[in-house]
Amino acid sequence: MSLDFEDEPVDLGQYAWYWGETHQELVRRELSRAPDGSYLVHHTGDIEFHMLAVKVGDDIVWQPIYCRDGLVGFTEPLGFESFEDALEAYTESQTETHDTLRNPLPKPDFSKLRETHTTMKPVQLLKRLRDTHGLLGQRIDELDNVEGCIERLEQEIEEKSKSTEAYGVLIKVVSKQLEKTNELTSSSSDRLDEINNNCTALTKRLEGLRQEQTAIERERTSLVTERNEQSKLSTRCLDGIRDLENELQKIKDDIIEFSLYENCMDTMMLFIDHLLASDVTEFAQKVEEYDIDKSVAKSILKTESDGTFIVRTNNDPNKPYSISVSYSDAENEGLVVHFPVKRDDGCLGFDEQTCIFHDIQDLVTCYARIPFGSHDSTYGDLTLVRQVE
Numbered sequence: 001m002s003l004d005f006e007d008e009p010v011d012l013g014q015y016a017w018y019w020g021e022t023h024q025e026l027v028r029r030e031l032s033r034a035p036d037g038s039y040l041v042h043h044t045g046d047i048e049f050h051m052l053a054v055k056v057g058d059d060i061v062w063q064p065i066y067c068r069d070g071l072v073g074f075t076e077p078l079g080f081e082s083f084e085d086a087l088e089a090y091t092e093s094q095t096e097t098h099d100t101l102r103n104p105l106p107k108p109d110f111s112k113l114r115e116t117h118t119t120m121k122p123v124q125l126l127k128r129l130r131d132t133h134g135l136l137g138q139r140i141d142e143l144d145n146v147e148g149c150i151e152r153l154e155q156e157i158e159e160k161s162k163s164t165e166a167y168g169v170l171i172k173v174v175s176k177q178l179e180k181t182n183e184l185t186s187s188s189s190d191r192l193d194e195i196n197n198n199c200t201a202l203t204k205r206l207e208g209l210r211q212e213q214t215a216i217e218r219e220r221t222s223l224v225t226e227r228n229e230q231s232k233l234s235t236r237c238l239d240g241i242r243d244l245e246n247e248l249q250k251i252k253d254d255i256i257e258f259s260l261y262e263n264c265m266d267t268m269m270l271f272i273d274h275l276l277a278s279d280v281t282e283f284a285q286k287v288e289e290y291d292i293d294k295s296v297a298k299s300i301l302k303t304e305s306d307g308t309f310i311v312r313t314n315n316d317p318n319k320p321y322s323i324s325v326s327y328s329d330a331e332n333e334g335l336v337v338h339f340p341v342k343r344d345d346g347c348l349g350f351d352e353q354t355c356i357f358h359d360i361q362d363l364v365t366c367y368a369r370i371p372f373g374s375h376d377s378t379y380g381d382l383t384l385v386r387q388v389e
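UniProt numbering puts the first residue of the sequence shown at 1, with every later residue one more than the last.
Just so you know, these hints were derived from the structure itself, not from any lab. Remember, predicted model here, so these are calculated numbers, not experimental data. Even for Gly, the Cβ is constructed at its ideal location relative to N, Cα and C. Be careful, since some hints might not be right.
FRET-style restraints, in silico, Cβ to Cβ [unchecked claim]:
| no. | residue 1 | residue 2 | range |
| --- | --- | --- | --- |
| 1 | Gln285 | Gln138 | 24 to 30 Å |
| 2 | Glu159 | Asp266 | 55 to 61 Å |
| 3 | Arg68 | Asp376 | 19 to 25 Å |
| 4 | Gly57 | Gly380 | 23 to 29 Å |
| 5 | Gly57 | Leu276 | 36 to 42 Å |
| 6 | Gln24 | Lys121 | 19 to 25 Å |
Can you make the complete structure from the sequences, with help from the hints?
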């Protein structure tokens, strides 16, 4: 049976070896467990070619299959009218290298494989990622405050210790003076009243110094107790931070695992990187909303620089906004593209996997960093740069 490339979306799905659009890492994982000679064809996301993957010993051999103008082939010029013919020719040409296609590997049920790892959807995982990252930031701030408090207490404890030592020196000096003054009472009778008065004054001075020293020692003891409590709190903060970091890594692993099966790895990795970036700040301008249609938005934006945008309101509660963005295509022609914003479970986003934003300001802040190419490669590095003035 000949396979006409023009009918590829229908015909290829009938073959056990065709996996459709599947991430290469997932193909590698499944083929590594398959018998020698197992093979499959998967779509890489590039419109011009598919990829043949063959298990050869402990390795996996990758070979692009180009598809253009109704023809299929491994090299130019493309000489086959069907994938079947191309695969048969590949087997015949690879007998000496043993890259022969012996066992077509059927595509597994990815939903069941995914559920063995996590049953949560990407949108749920991304929400957890943001929430956990927010908690981690709070714990880090708490730790900074605790460490600052400990540093302050250490300084105060040191100051109290120095004061206690200083009082100790004064007490020794006054005690020596009192001792010498008492000695005078037995050797001088004509100044006895004066000497007794001096002894009384020195005794009071000594008692006062000892009381002040005792008070400072009590203050120091209180500070040490507080410092110890703050140290325990610091330990708890550190433990909490480690737990949150472990949880964050688990969520990231779950997102990556899910995105393998859903073939959205690039998008999810962009979200992981940008949502967790340390320098994320809210979009500088307050996002304005306009009740205008796309034709008006287009006339306003068509002469603006790339990334200039307008947020338009819609009457549909499930798609409450559209964002119109100025964009130059490969020919540098000024275009305006319109991205509908969906609402799901109270959050906003451009698709069901990324509806995680609390409001339109939150969404714009993210897409000032994450390119629209993460959803559609057509738009490459296009981001939201500034609102129209």
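Hint check:
1. With their beta carbons about 27 Å apart, glutamine 285 and glutamine 138 fall inside the hinted range of 24 to 30 Å.
2. Our hint of 55 to 61 Å for glutamate 159 and aspartate 266 holds, since their Cβ atoms are close to 57 Å apart.
3. For arginine 68 and aspartate 376, the hinted distance range of 19 to 25 Å is satisfied, since their beta carbons lie about 22 Å from each other.
4. The hinted window of 23 to 29 Å between glycine 57 and glycine 380 is violated, with their beta carbons roughly 39 Å apart.
5. Separated by about 39 Å at the C-beta atoms, glycine 57 and leucine 276 satisfy the suggested range of 36 to 42 Å.
6. In this structure the supplied range 19 to 25 Å holds for glutamine 24 paired with lysine 121, their Cβ-Cβ distance being about 23 Å.
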